[in-house]
Structures are given as C-alpha cells and as structure tokens.
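Student: Respectively, the protein sequence lines represent chains A and B. Counting with my numbering, you get residues 1 to 287 for the letters of the first sequence. Counting with my numbering, you get residues 1 to 287 for the letters of the second sequence.
Among the clues, some could well be false.
Remember, identical chains collapse to one label, so a pair may be satisfied in a single copy or spanning two.
[Unchecked claim] Straight-line C-alpha distance at most 30 Å; calculated DSSO-like pairs for lysine-lysine: (1) K225 x K238; (2) K195 x K140; (3) K238 x K195; (4) K264 x K280; (5) K129 x K272; (6) K129 x K280; (7) K7 x K195; (8) K195 x K272.
Treat the hints as calculated values from the structure; they're not laboratory data. All values derive from a computational prediction rather than experimental measurement.
There are 2 protein chains.
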Amino acid sequence: MNGSVIKAGVIHPGQMGVAIAAALASVGHTASWASQGRSDETVNRAEQSNLVDLLTLEALCNDSDFIFSICPPDQAPSVAQQVADLGFNGTFVDCNAVAPATTDLVSNIVTQQSGTFVDGGIIGPPAVKSGTTRLYLSGKSATAVAELFIDSVVDARVLGSSSGAASALKMAYAGWTKGSAALLMTQFALAQQQKVESALLEEWELSQPGLTTRLDSGCSSMAPKAWRFTGEMHEIAKALEDAGLSRYWFDGAADVYECLSDLKNKPDIQRKEVIDALLKTMNDGSA
Amino acid sequence: MNGSVIKAGVIHPGQMGVAIAAALASVGHTASWASQGRSDETVNRAEQSNLVDLLTLEALCNDSDFIFSICPPDQAPSVAQQVADLGFNGTFVDCNAVAPATTDLVSNIVTQQSGTFVDGGIIGPPAVKSGTTRLYLSGKSATAVAELFIDSVVDARVLGSSSGAASALKMAYAGWTKGSAALLMTQFALAQQQKVESALLEEWELSQPGLTTRLDSGCSSMAPKAWRFTGEMHEIAKALEDAGLSRYWFDGAADVYECLSDLKNKPDIQRKEVIDALLKTMNDGSA
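Kindly produce the complete structure, drawing on both the sequences and the hints.
Tutor: As structure tokens, this is what we get:
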C-alpha cells in the first residue's frame, strides 16, 4: 500500500459501507464501526467482514482519523451532527447520495467542529472486485482520501477542490439510472392498467429492441431496493430545483419507489408482481 | 388494393397527415384536404403530395366517407367539434396522441352527430416505406379503417373493439420515448450546471455504454420538434393520473419541451445548444 496506515470509522456498514471498509482494510488500514443500536443484520454483516467493533459512536469518533458516512440520504445531516457533537475533528467523508445543498449543510456541521469535510459520491455496486465501483471525491482534502484506496478494489477519483461536485455527479448519474427505471415501470403499468400491455411488448419488439429486457431487469433489480430509494429521489428533486430545473420528475420517481417499498429484499421478483404492486399501491392512495 | 375505393379527408396535413393521406392515395383511395386558413407551409406540403384541395372544411366534410384527424393533441376535441358542427356522419378517425379520457370526449362529440368513431394511435415516423410506421386502431369500426391501408406503407393494426386502446398504447409508448429523452437531457443539464459534465460523460463511457450517443441523438432529433410535444406531455400526464399513477413525470417533461420550443425546426442542432437553451430558459422562469 501507499501512504500511512490510518484508522477509518464507517457509519453505518450496510452493503456499501462494508465494501468500502473492506477495501480500506485490504490495503492495511484499520476499519472500524460501532454496533450500539444497530440491527442484527448489520451486526452479522460487519462481523462477517471482520470490521473492528468499537461498540459506541463516541469510541469510533475518538479512535478514527477518517469517518466515512454511508447511510440513507435523509439521515446524512443527523449522522454528521452526531459525529460533530462528539467532538470529531478528523476528516469526515460524506459518501451519501445527497443534493449539493445537503452537502453544504453537512459540510457546515463538520467544519464548525473543526473537522475537515470531503464530499463523496459512489457509483457502482458494493465493490468486491476492481473495475466496478468508483468513489468520486471533491473538496480540499479529496486527494488525501483518494490515496487511502490505492491498490484496493475501489476506484477513488478526485473531481476537484470544490465541495459539492461529487454529490452533483452522483445526482446526475443516479437521476438517469433510477429515474429511467421508474419511468419505464410507470409506462408499462399504464399499458397494463389499460389492457394494452401485449401490444406494447409487441411494438417494443419492433421498434425498441431490448426495452422489454430492460424493464424486466429493472423490476427484478430495483424493486427489492426501492425501500431505500425514496430519500435519494427527494435529494435528486432538490438538486434539480436548486439548479433551476424541473423537480417534478423525481416527485414521480419517489412515488414509484415508495409504492414498491413493501417488496424490500424480496428475491427473484418478476415484472408482473412489481407492476401489480405499483398499480395497487398507487390506486390505494398509499403513496 | 382490397375493398372499395373511399374518399378520405385529412385534417390537417402536417408531415404525418400527408404521409397517411399519401398511403391512402397509393392504394387508390381519394385523399383530400381543405386549405382555407392553413399556413403556406401546409399548402406547399399538400400540393407536393398531390392531395385534392377541397378548399373548405365544409366541402371536406360533405365529400368524405372517412375523416382522419391528425393535429396537435390539444386541438383534437375542437377539430372533432368543427366536423360534427358541419353535420359529418361518416367515420371519424382520431389519430392524435391523446389520453383515453380525451378520446372519450372526442368520441362523444362525433357520435352525438351520428358519426362513427374510431380511435387511432400512430407509432413511428411519417411513413415513406413499409415497416416503419404502425397505425393502431380500436373501436367497433376499427377493422373497416384498417382495411383501407392494405398494401400501403402504413401498417394498420386493430387493437380490439374498445375505443381508447389505441390512444392508451400511444400514451404508454410515447411516454417512454419522449419522457426518457427529456429526462436524460435534464440530468445532463444538471451535470453541466454543476460543472461535472466531463466526469459524467467519462462515467457513462465506463458504466452506461451508448448513453452519450443516446443523449446526443435525442438532442438533435427531439429539440427541433419540441414545440409540438408539450400538448402530448400534458395528455400523457392526464392518462397516468386517470390510471391512478403519478402524473408528475410529464409535468417535468412538458417543462423541458416547452423550454426548447424556440428551437423549432432548427437543423443540425447539437447537444450544447440544446442543454444551454434548457438551462437558460428554465432559469429565466419562462416555462
């Protein structure tokens, strides 16, 4: 590995957080977490990945040079606040899918406590091999964070010294991938509700080759994760609004993913179940 | 050709209308239009296609067995009303991109005047050769209309006897093609406004192959036609809302296409000009 060994704390180790922690540990850094108040699922995941459990957030803050915040987007400011309240003055890397304005808010929380703030945005699946996952970083200390990942499976890339760039890239990228998947489900749901879904599939075969496959893979991959997408859709809506663009798209996308939240972690889910759930929940007015 | 020669009136012959009229004429039917009050551009287009000019809408209604309405979506009910007011009691085929509820409204206007209503939805470009363009038809007399196109370049397909199915298919189909193009422009505009567009293009090269090409071809093909998409976006929003789904998507899409309306018919337009126009008009609050 390059550079010095550092102590990294990860809040909270979901699938992505564990992957980031494992990448750091793989090149000699110490990767820790705090189990207090976390679910059995998270405990199991962290234990399987040999993360050091420092038990409390206080211990984690006291014993870390770098904190990586990887949590649901709507919790990003409160995680930063908890860390700041515990007097952390190392480098805080917010890796969450949040709007640049939320990044500013988190940055202010961190720096008011004399911490150093680095903006991060993760694109790709939880990394288990090289070449799948980029951690974009921006802000004055972005390079120092990127260097921690040298020789690991995480491709850390510095986007410049302006905080907010990494978040903006994540918003623009995820807005297409998650937004277009939800739009495609919505259009198919319209066809199904109007009893023209067979004709739509036939027309797609003729003029939109591959679109049926895209719908089906979107249904099976997105629906089980939908429960954690709603907050991200709100952040993308905010990012668009702040940029003077239309936020409506992601009010629509948030509705879709909220309607699918009951399908959480469901394996082998097929198109029909997803579209039925979307139509039923929308029509129940539950979202 | 199969079946009897009929007299068809087309209101109003834009590019798509002329293509439908030419397809009918190519298999021996008489295709007419009415030039009164139309633009020089429309007159030239109709003359080049050898449509019979019956001068007034009244003459067109008196002398046609079938009327094909092919107009901007927001004008569909008023075109039907004008035709009904002139006592037309033949078969009225509404080929416009409208919500099923708008189709019902048009159908009521037509049948109150003892006319026969057929719902139509066109998918594909103005047809000049076989295999590119489908005219979907639904309603009790859909088969009679489909038969008129036998051996022509227009692939007329009957979707069943329920009025509304052809419109619903068009809404579901166009919602994806036009909606996803506008969503992609919006996400790139966000990246550009945040000065991370180069990073987004690089990331797309890695993980979304073909997406840059898709953005560029969407910009050059959609922006010059954007001026006539806004009404269609409102109809798709209505179709979704009536189906119990989120209409927000197409409030967003309508905003995008409205912002691009000044680029009407502009040739060789490139990504940069489109995204700049989108950001500028959105931020001016003009849309």
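Student: For every hint, state whether the structure bears it out.
Tutor: Okay, the hints, checked on the actual structure:
1. In this assembly of identical chains, the alpha carbons of K225 and K238 lie at most 30 Å apart whether taken from the same copy (21 Å) or from different copies (29 Å).
2. In this assembly of identical chains, the alpha carbons of K195 and K140 lie at most 30 Å apart only when taken from different copies (17 Å versus 55 Å within one copy).
3. Taking the shortest alpha-carbon separations for K238 and K195, only the inter-copy value of 17 Å comes in at or below 30 Å, while the best intra-copy value is 35 Å.
4. In the homo-oligomer, the alpha carbons of K264 and K280 lie at most 30 Å apart inside one protomer (16 Å), although the nearest pairing across protomers, at 40 Å, exceeds that limit.
5. When the C-alpha separation of K129 and K272 is checked against a cutoff of 30 Å, the pair qualifies neither within a copy, at 33 Å, nor between copies, at 36 Å.
6. Taking CA atoms no more than 30 Å apart as the test, K129 paired with K280 passes in neither setting, with 39 Å inside one copy and 42 Å between copies.
7. Within a single copy, K7 and K195 get their C-alpha atoms no closer than 58 Å, and across copies no closer than 33 Å, so neither meets the 30 Å cut-off.
8. In this assembly of identical chains, the alpha carbons of K195 and K272 lie at most 30 Å apart only when taken from the same copy (13 Å versus 40 Å across copies).
The structure does not agree with the numbered hints 5, 6 and 7 stated previously, though it agrees with the rest.
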